[in-house]
Amino acid sequence: MTKNILLVSIFAVSIASCTHPLGNSQSKWEYEKSAIDLCIQSDPRLNLLQGKAHSLMVCIYHLRDLNGFNQLMDENDGLSKLLECGRFDTGVTYAKRIVVQPNQTTKETMDRTEGAKYVGIVAGYYDLEKSNAVRSFQIPLSFFKNPKRLSIDLALGSQGIKEIKEK
Numbered sequence: 160m161t162k163n164i165l166l167v168s169i170f171a172v173s174i175a176s177c178t179h180p181l182g183n184s185q186s187k188w189e190y191e192k193s194a195i196d197l198c199i200q201s202d203p204r205l206n207l208l209q210g211k212a213h214s215l216m217v218c219i220y221h222l223r224d225l226n227g228f229n230q231l232m233d234e235n236d237g238l239s240k241l242l243e244c245g246r247f248d249t250g251v252t253y254a255k256r257i258v259v260q261p262n263q264t265t266k267e268t269m270d271r272t273e274g275a276k277y278v279g280i281v282a283g284y285y286d287l288e289k290s291n292a293v294r295s296f297q298i299p300l301s302f303f304k305n306p307k308r309l310s311i312d313l314a315l316g317s318q319g320i321k322e323i324k325e326k
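In terms of this note's numbering, the sequence shown is residues 160 to 326.
Derived by calculation from the structure, the hints in this document are not laboratory data.
A virtual CB, placed ideally from N, CA and C, is assigned to each residue, including glycine.
Label-pair distances were calculated between CB atoms; the ranges are:
1. Asn229 <-> Ala314: 18 to 28 Å
2. Leu208 <-> Ile257: 13 to 23 Å
3. Tyr190 <-> Asp312: 20 to 30 Å
4. Lys304 <-> Gly210: 49 to 59 Å
5. Glu267 <-> Gln297: 12 to 22 Å
6. Pro299 <-> Gly210: 37 to 47 Å
Under the rule of at most 25 Å between Cα atoms (straight-line distance), these lysine to any residue pairs were calculated in the SDA-like manner:
7. Lys321 <-> Gln230
8. Lys187 <-> Ala254
9. Lys307 <-> Gly274
10. Lys192 <-> Arg246
11. Lys211 <-> Asp286
12. Lys255 <-> Lys276
13. Lys255 <-> Lys321
14. Lys276 <-> Glu189
15. Lys192 <-> Gly274
16. Lys304 <-> Glu273
17. Lys192 <-> Pro306
18. Lys289 <-> Val258
19. Lys192 <-> Phe296
20. Lys255 <-> Cys218
21. Lys255 <-> Gly274
22. Lys187 <-> Asp224
23. Lys192 <-> Ser295
24. Lys255 <-> Ser193
25. Lys276 <-> Ser239
26. Lys276 <-> Leu300
27. Lys321 <-> Asn229
28. Lys255 <-> Ile311
29. Lys289 <-> Asp202
30. Lys304 <-> Val251
31. Lys240 <-> Lys276
32. Lys304 <-> Thr252
33. Lys321 <-> Ser214
34. Lys240 <-> Ile298
35. Lys192 <-> Gly245
36. Lys276 <-> Thr249
37. Lys289 <-> Ala314
Build out the structure end to end from the sequences listed, making use of the hints.
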């Protein structure tokens with residue numbers, strides 16, 4: 160009898176835990192302070208043109224989804240529009256422009272804006288191609304489907320984004 164009560168109790172607790180908000184498959188994409196860390200290391204020959212290094216403009220986007228970002232990236236003048244660092248559609252929750260100098264380490268800690276599930280990065284190289292100048296990152300989820308912190312280490316080379324380490 161005691162064994163049956165114990166089994167029923169365990170079963171009831173198991174069922175109840177399935178309805179707990181943490182078990183919900185719907186993630187809460189709320190604002191979170193200092194939730195995104197970006198570390199950019201630039202090459203001494205950054206944005207090389209005619210043998211000289213140049214500064215580089217980088218746009219950082221927080222995005223609800225990648226649809227508008229990817230579509231704009233594939234258009235003829237889309238990369239130039241992305242380098243305007245503006246809200247090009249409703250999927251953009253935040254846009255920030257930074258300027259990176261050659262042989263510099265730049266660290267940015269950003270608040271994650273409400274609804275942001277991705278971070279898009281566009282670097283304004285003289286040889287502007289999507290393969291060398293654009294990257295996107297999905298904000299990771301915890302076991303309980305809550306957004307986690309995102310840390311990105313980005314290496315900017317002489318002609319494009321060289322290396323990415325996502326932590």
